[in-house]
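Engineer: Sequence:
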Amino acid sequence: MRLALVHDYLNQRGGAERVFAHIARVFPEAPVYTALHDPRATGDLVDPARVHASYLNRLPGSGRYFRYLAPLYPRAFESFDFSAFDTIVSSTTSWTKGIRVPPGAVHVCYVNTVSRFAFAYDDYVGGLSSFQKIASPFVKNLIEWDKRASQKPTRLIANSHNVADRIMRYYGRESTVLHCPVDLDRFSPDSGEGNYFIVAARLLPYKRIDLAIRAAQIAEMPLVIAGTGPDEKRLRRLAAESPWTRMTGYVGDAELNGLLGNALAAIVPGEEDFGLVPLEAAAAGRPAIAFRAGGALETIVGGVTGEFFDEPSPQALAAAMRRFDPRTYDPHVLREHAEKFSPASFTEALRAIVEETREKN
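Anchor point for the sequence shown: position 151 equals 151 in the numbering used here, and the numbering is continuous, going up by one each time.
Keep in mind that the hints were calculated from the coordinates and are not lab data.
Keep in mind that the hints are not guaranteed to be accurate.
Said to hold, decoys possible - Here are the computed distance ranges between Cβ atoms for each label pair:
(1) S191 x D86: 48 to 56 Å
(2) P102 x L59: 25 to 33 Å
(3) A84 x G302: 43 to 51 Å
(4) D253 x E356: 30 to 38 Å
(5) E336 x I143: 40 to 48 Å
(6) R50 x N361: 23 to 31 Å
(7) F138 x R234: 22 to 30 Å
(8) E78 x V333: 45 to 53 Å
(9) A84 x N141: 24 to 32 Å
(10) V333 x P71: 24 to 32 Å
(11) V333 x G63: 38 to 46 Å
Stated by the list, open to error - Derived DSS-like pairs: lysine-lysine, alpha-carbon spacing no greater than 27 Å straight-line:
(12) K360 x K147
(13) K140 x K152
(14) K360 x K152
For each residue, glycine too, the CB sits at the ideal point set by N, CA and C.
Could you build all of it, start to finish, from the sequences and the hints given here?
Structural biologist: So, in C-alpha cells, the structure goes:
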C-alpha cells in the first residue's frame, strides 16, 4: 500500500489538528500534505519532516491571515501530485475533499464538519467584518466548488452522527460515523475545587463565547476562558466589562489539564460539530454544561457526565450555572466515560475502514 495523508492546514492547534495527529500515528510512514505548515504550532503533533506544504505557505503573512486565503485553497489542493500513491487518507473541515487522485486510487476522507461557509457562513464569520467583506463575493463560487469536491472521495467518514446528517443534507452522500478520539494521556482526574467554570476553545464567533461571558456576569460566577483566535479582541473588550471573566490566552497541555481538573465544569456555549471539550473535561474528572444541540448530544450523558441548557441565550446558560451542583458528579465515572473514546479504539476502527474501502474498490 502506497499511502499519503492530507490535512487542511497545520499552522494552528485545535481539535481538528489533534485528531489528525492520531490519523498520522495510524500511518507513521505516510507523507503529509497540507496547504500551510507552521512547525512551531504543530511540530509536536506531526513530525515536520513528514510535511509537504503547498505553494501558499510561501506567501508573506499566510500563517497569520490564512482565513483570507479561502478562495485560493481549492487550486492549492488540486495542485498536489498523488500519482505515486494508491491510497489517500485525508482530514478536513473544508478543503481536502477536492484533491485529485490517480485512477484506481482510493480516497478516504475524515470529515470534521460540512464546510461552514456553505451552510453557516454568517455564523462562522460573524463579527469578523474585514474577512466578511473580502470573502463574501467569492462565497458562491466556493459553495459550488465544495459541492463538487464532496463527490470526489471514495468514502466519507463523519466525526459524529450530527456531521453525518449534514453530509447527507448538503452533499447527498452516506458516511461512516467514527467519533473523534480524546487524548486521555493529557488529562488526569481532579477535584474541581477551583470554584470557577471554564471555556476552552478556539476563539471563533460561531462558538458563542460571548454568550458565556454574559451568562457569567448574570449569574455572578467566575469564568475562565482559555484559548486564542480571531475573535479574541472582541471577546476581551466584552470580558473587560465584567469582573467575573478572566481570559488566559493560549495555555499548554499541562496548564489546561490543571484548569479543567479544578473547574466546577466546562462550558460549551455554542453548537459544536462534535466537540472534544466535554470529553477532555470528563478525562480530567469534570462534567460539562452545554447547549442542547449538535455533537454535545453524543458526548454528554445528561445527569451523569454533564447538563444541558435549551436556549442559546445568556439567561438560559446563567440559570444552568446557578443550579449546577458539582457534588452530584463522580470524577471516576467521568473518566470512564472519556475512555470510551480512546485513541486505541479510533486507530483500530480507522484501519479497518481504510482496508475495507481498498478491498471494495
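Engineer: So, for every hint listed, does it hold in this structure?
Structural biologist: Status of each hint after checking the structure:
no. : hint                    : verdict
1   : S191 x D86: 48 to 56 Å  : holds (51 Å)
2   : P102 x L59: 25 to 33 Å  : holds (28 Å)
3   : A84 x G302: 43 to 51 Å  : holds (49 Å)
4   : D253 x E356: 30 to 38 Å : holds (34 Å)
5   : E336 x I143: 40 to 48 Å : holds (42 Å)
6   : R50 x N361: 23 to 31 Å  : holds (25 Å)
7   : F138 x R234: 22 to 30 Å : holds (24 Å)
8   : E78 x V333: 45 to 53 Å  : holds (48 Å)
9   : A84 x N141: 24 to 32 Å  : holds (31 Å)
10  : V333 x P71: 24 to 32 Å  : violated (48 Å)
11  : V333 x G63: 38 to 46 Å  : holds (42 Å)
12  : K360 x K147             : holds (24 Å)
13  : K140 x K152             : holds (19 Å)
14  : K360 x K152             : holds (16 Å)
In terms of the numbered hints stated before, the structure departs from hint 10 and from no other.
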